[in-house]
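Residue numbers -23 to -1, 1 to 92, in mature numbering (1 follows the signal peptide of the UniProt record, and there is no 0), belong to the letters of the sequence shown in order.
By construction, these hints were calculated from the structure, which means they are not laboratory data.
Among these hints, one or two may not hold up.
Derived Cβ-Cβ restraints for the label pairs, each shown as a range [said to hold, decoys possible]:
1. Gln60 x Thr12: 16 to 26 Å
2. Ser33 x Glu64: 19 to 29 Å
3. Cys11 x Gly83: 27 to 37 Å
4. Glu82 x Pro13: 35 to 45 Å
5. Cys11 x Leu40: 17 to 27 Å
6. Gly14 x Asn56: 19 to 29 Å
7. Gly83 x Pro13: 37 to 47 Å
Listed next, the in silico BS3-like pairs over lysine-lysine satisfying Cα-Cα at most 30 Å (straight line) [unchecked claim]:
8. Lys10 x Lys37
9. Lys27 x Lys10
10. Lys68 x Lys37
11. Lys27 x Lys37
12. Lys68 x Lys29
All C-beta atoms in this analysis are idealised placements derived from N, C-alpha and C, irrespective of residue type, glycine included.
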Amino acid sequence: MAAGLVFTLLLGLSFGLWDGADAVQLRVANCDKCTPGWTWYGGQCFLFMKVKKSWSEAEKFCLSLDGHLASIRSTNEYNFIRQLVYEATGKHTQTWVGGHDSPEEGFWFWSDGSK
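Could you build the full structure based on these sequences and the hints that come with them?
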């Protein structure tokens, strides 16, 4: 795994889970109004931050903001996040999402507990 990844408090661009990308994502659930700098989509607030972090560092950072790395629940949400990252970086770059297989190799889970 790469030493650092930029994290998007939201999601990965090419729908993948990356071992070393630039970006981190955060999702704060059940909001009807977002803090300035955040973007609302589907009842969630999203924030993309271009900061080098490992997956676990990015998730811990998101937790400190009462959120999680983004979980992708639909094609529309994926496209929204992809566009959010593109607008912030000017390119389709790799970023962390909340998927992980740490409890059991090969069985993937979302860090926010969603299914």
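Task: Satisfaction of hint between Lys37 and Lys27, Cα-Cα up to 30 Å - done: Measuring from Cα to Cα gives roughly 15 Å; hence the hint holds.
Open item on the list: Hint check: Lys10 vs Lys37, CA-CA at most 30 Å. Holds or violated?
Closed with: holds, 23 Å
Task: Pair hint outcome, Lys68 versus Lys37 [Cα-Cα no greater than 30 Å] - done: holds, 26 Å
Open item on the list: Against the range 35 to 45 Å, how does the distance between the Cβ atoms of Glu82 and Pro13 compare: consistent or not?
Closed with: holds, 41 Å
Open item on the list: Does the beta carbon distance between Cys11 and Leu40 stay inside 17 to 27 Å, or does it fall outside?
Closed with: holds, 18 Å
- [ ] Could you check the hint for me, namely that Gln60 and Thr12 are 16 to 26 Å apart, CB to CB?
- [x] holds, 20 Å
Open item on the list: For Lys27 and Lys10, compute the direct alpha-carbon distance and say whether it is at most 30 Å.
Closed with: Roughly 23 Å between the alpha carbons, so the hint for Lys27 and Lys10 holds.
- [ ] For the range 37 to 47 Å, tell me whether the beta carbons of Gly83 and Pro13 fit it or not.
- [x] holds, 41 Å
Task: Glu64 and Ser33 - C-beta distance against the hinted 19 to 29 Å - done: holds, 27 Å
Task: Whether the CB-CB distance between Gly14 and Asn56 falls inside 19 to 29 Å - done: holds, 21 Å
Open item on the list: Can you confirm whether the C-alpha distance between Lys68 and Lys29 stays at or below 30 Å?
Closed with: holds, 17 Å
- [ ] Could you tell me whether the CB distance from Cys11 to Gly83 stays inside 27 to 37 Å?
- [x] holds, 36 Å
Going down the numbered hints, you'll see the structure goes against none, and every one checks out.
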